[in-house]
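**Student:** Sequence:
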Amino acid sequence: MLRGKTTIARDNLETIMSISNEKFAEIERQMMDLVIDSYLKGTKLQVTSNERKVSVVLFQGKNEQLHLFIDDIHKITVEILKGKAQFNVIKQVSKQDIAYITAFAKCLGIPEQRALNGLSPFIFD
71 MLRGKTTIAR DNLETIMSIS NEKFAEIERQ MMDLVIDSYL KGTKLQVTSN
121 ERKVSVVLFQ GKNEQLHLFI DDIHKITVEI LKGKAQFNVI KQVSKQDIAY
171 ITAFAKCLGI PEQRALNGLS PFIFD
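Just so you know, we're using my numbering here: the sequence shown kicks off at 71 and counts up by one.
Hints were generated in silico from the structure; no laboratory data involved.
Quick caveat, the model's predicted, so the values are computed rather than measured.
One or more hints might be untrue.
Unchecked claim - So the derived label-pair ranges between C-beta atoms look like this:
#, residue 1, residue 2, range
1, 93, 154, 25 to 33 Å
2, 91, 133, 27 to 35 Å
3, 153, 92, 29 to 37 Å
4, 153, 102, 17 to 25 Å
5, 132, 93, 36 to 44 Å
6, 93, 152, 30 to 38 Å
7, 142, 112, 18 to 26 Å
8, 182, 103, 15 to 23 Å
9, 121, 153, 32 to 40 Å
10, 165, 99, 19 to 27 Å
11, 132, 92, 36 to 44 Å
12, 96, 143, 15 to 23 Å
13, 153, 111, 20 to 28 Å
14, 179, 95, 12 to 20 Å
Beta carbons are placed, not taken as given, at the ideal position from N, Cα and C, and that holds for glycine.
Please build the complete structure, drawing on both the sequences and the hints.
**Tutor:** Rendered as structure tokens:
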């Protein structure tokens, strides 16, 4: 595992995730739908994507927390406080999860590059 800050170039994303840009765009659309629906319906929502069960759970209070589950395993929590999103918890991430996590983070206003950099310890494990 690499230690310290590692920057991942956007053009390497397709190689890292082992999926095409078109497939990543589809995952982004699905994640956006899940995030929007979780806000509108205020409940746990899930979709099957590439034979993987992806769920988003929203907790609202003083701050908002959105939890991403892939195949019923908690992968990431993004906390939104005063309109700013930040990673709160990242765990049990595999390379197959990176496309979902990156798309989830982008839907919540975290720049793709920042999401990838936060995931770099898992990418280069």
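**Student:** Now tell me, hint by hint, if it's right for this structure.
**Tutor:** A quick look at each hint next to the structure:
1. 93 / 154: 25 to 33 Å: The hint (25 to 33 Å, Cβ to Cβ) holds, given that residue 93 and residue 154 are roughly 30 Å apart.
2. 91 / 133: 27 to 35 Å: For residue 91 and residue 133 the Cβ distance comes to about 33 Å; the hint holds.
3. 153 / 92: 29 to 37 Å: Since the Cβ atoms of residue 153 and residue 92 sit about 32 Å apart, the hinted range of 29 to 37 Å holds.
4. 153 / 102: 17 to 25 Å: 18 Å, holds
5. 132 / 93: 36 to 44 Å: 37 Å, holds
6. 93 / 152: 30 to 38 Å: 34 Å, holds
7. 142 / 112: 18 to 26 Å: 20 Å, holds
8. 182 / 103: 15 to 23 Å: 18 Å, holds
9. 121 / 153: 32 to 40 Å: 36 Å, holds
10. 165 / 99: 19 to 27 Å: Given range 19 to 27 Å: holds, Cβ gap about 21 Å.
11. 132 / 92: 36 to 44 Å: Since the Cβ atoms of residue 132 and residue 92 sit about 40 Å apart, the hinted range of 36 to 44 Å holds.
12. 96 / 143: 15 to 23 Å: The hint (15 to 23 Å, Cβ to Cβ) holds, given that residue 96 and residue 143 are roughly 22 Å apart.
13. 153 / 111: 20 to 28 Å: 22 Å, holds
14. 179 / 95: 12 to 20 Å: Holds - the Cβ-Cβ distance for residue 179 and residue 95, about 18 Å, lies within 12 to 20 Å.
Hint compliance for this structure: no hint is broken.
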